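Using the sequences plus the hints, can you model the full thing?
Taken in order, the sequence shown gives residues 1 to 249; the numbers are from UniProt numbering.
No wet-lab data here; the hints were simulated from the structure.
All values reported here derive from a predicted model rather than from experimental measurement.
The reader is advised that the hints may include incorrect statements.
[As the list claims (entries may be wrong)] Below are the EDC-like pairs computed for lysine to aspartate or glutamate, each with C-alpha atoms no more than 20 Å apart in a straight line:
#1 K183 x D171
#2 K249 x E230
#3 K244 x E230
#4 K194 x D178
#5 K112 x E130
#6 K151 x E141
#7 K182 x E192
#8 K244 x E217
#9 K138 x E148
#10 K112 x E124
#11 K203 x D178
#12 K151 x E130
#13 K203 x E220
#14 K244 x E229
#15 K151 x E192
#16 K112 x E126
#17 K195 x E230
#18 K194 x E217
#19 K112 x E123
#20 K203 x D219
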Amino acid sequence: MENLVSCTVCLEIKKESKGCNQCNVVVCDKCIEDLRQINNFQCPKCRKQDWISNNLVLQNMIEIYLQQQQQLKETKKASCDKKCQNKNKDQKIVPIQKRDFWICEECGLKNKIEEKECLGCGEENEQLQEQQYQIQQKQQENEEQKEEQQKNQEGKEQPILEKYIQLKNGDWKCTNCDSNNKKTRWSCYKCEMKKEKDWICPKCNANNYCVRWSCHECDERRNNDWNCEECDTLNWGTRNTCRKCLCRK
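Quick look at the structure:
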């Protein structure tokens, strides 16, 4: 049990109390505080001076020591928190390593990750199949996206370039896709559409320039072309009058 002592001033039994070194009188803290406020520092029994002040100095020293210890604890805790934060910042994140094996669901045997079938029971590796399927899907999606991007870029660039590109003498423009082609080409380089106004020989099926009157291989005359009855001049089929004597067809 705790020691309870009666105060000689207020005669109350209290736990917290102080005594005189000479006469061993006991006075509670409340009575000591009252005596200190009226500047009475004499012992109530032996009248010794400054016995209260000595006790108060000791008490203050103890309180100051405890406060200093508490401050040291707080500073240590704060410094420890800072060190922990710095360690967490400097600490590198270790990536999670993937397993290099798979466990068969049928027999529970461990197999290497590259094995397509279980070495124990022959069960197929479903995880590997799913991974391959996902990889194929991603590849297809990437290819489709690239094709769409290329089409969009071609559609944007071609009209802009064609405004500034001038056709040279003899070059021609495709009526199907509006692409510019060189004069030496028989068909469009892009859509393979045949050159307009060129004609195909009915005898040997050779392609001829529109400026030619006869086939360059078999000398067959072009369809719908006609000779003038007056001057025997050869005219294109699109003409209704002779180009020389202006006689009607």
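Verification of the hints:
At most 20 Å may separate the alpha-carbon atoms for a hinted pair to count; K183 and D171 meet this at roughly 4 Å. Straight-line distance between C-alpha atoms of K249 and E230 comes to about 10 Å, which keeps the hinted pair within the 20 Å bound. For a cut-off of 20 Å, the pair hint linking K244 to E230 stands: about 10 Å separates their Cα positions. For the hint linking K194 to D178, the alpha-carbon distance of about 13 Å falls within 20 Å, and the restraint holds.
Using a Cα cut-off of 20 Å, the hinted pair K112 and E130 holds, with the two alpha carbons roughly 16 Å apart. Restraint check for K151 and E141: the C-alpha separation of about 15 Å stays at or below 20 Å, so the hint holds. With a C-alpha separation of about 13 Å, the suggested pair K182 and E192 falls inside the 20 Å cut-off, and the hint holds. For the proposed pair K244 and E217, the alpha carbon gap of about 27 Å is over 20 Å, so the pair is violated.
For the hint pairing K138 with E148, the CA-to-CA distance comes to about 15 Å; that is within 20 Å, so the pair holds. Distance restraint check for K112 and E124: the Cα-Cα separation of roughly 13 Å lies within the 20 Å cut-off, and the hinted pair is therefore satisfied. For the given pair, K203 sits about 31 Å from D178 by alpha-carbon distance, which is inconsistent with the 20 Å threshold. For a cut-off of 20 Å, the pair hint linking K151 to E130 is broken: about 32 Å separates their Cα positions.
Under the criterion of a C-alpha separation no larger than 20 Å, the hint pairing K203 with E220 is consistent with the structure, at around 7 Å. This hinted pair checks out: K244 and E229 have alpha carbons roughly 12 Å apart, not beyond 20 Å. Annotation: proposed proximity of K151 to E192 holds, straight-line Cα distance about 18 Å (limit 20 Å). As the CA atoms of K112 and E126 are separated by approximately 13 Å, the hinted pair is consistent with the 20 Å bound.
The hinted pair formed by K195 and E230 fails the criterion: a straight-line CA distance of about 33 Å is larger than 20 Å. Between K194 and E217, the direct Cα distance comes to roughly 19 Å. Compliance with the 20 Å bound is thereby established for this hinted pair. About 13 Å separates the Cα atoms of K112 and E123, which keeps this hinted pair within 20 Å; it holds. Pair hint K203 plus D219 holds up; C-alpha atoms about 10 Å apart against a cutoff of 20 Å.
The earlier numbered hints that this structure contradicts are 8, 11, 12, 17.
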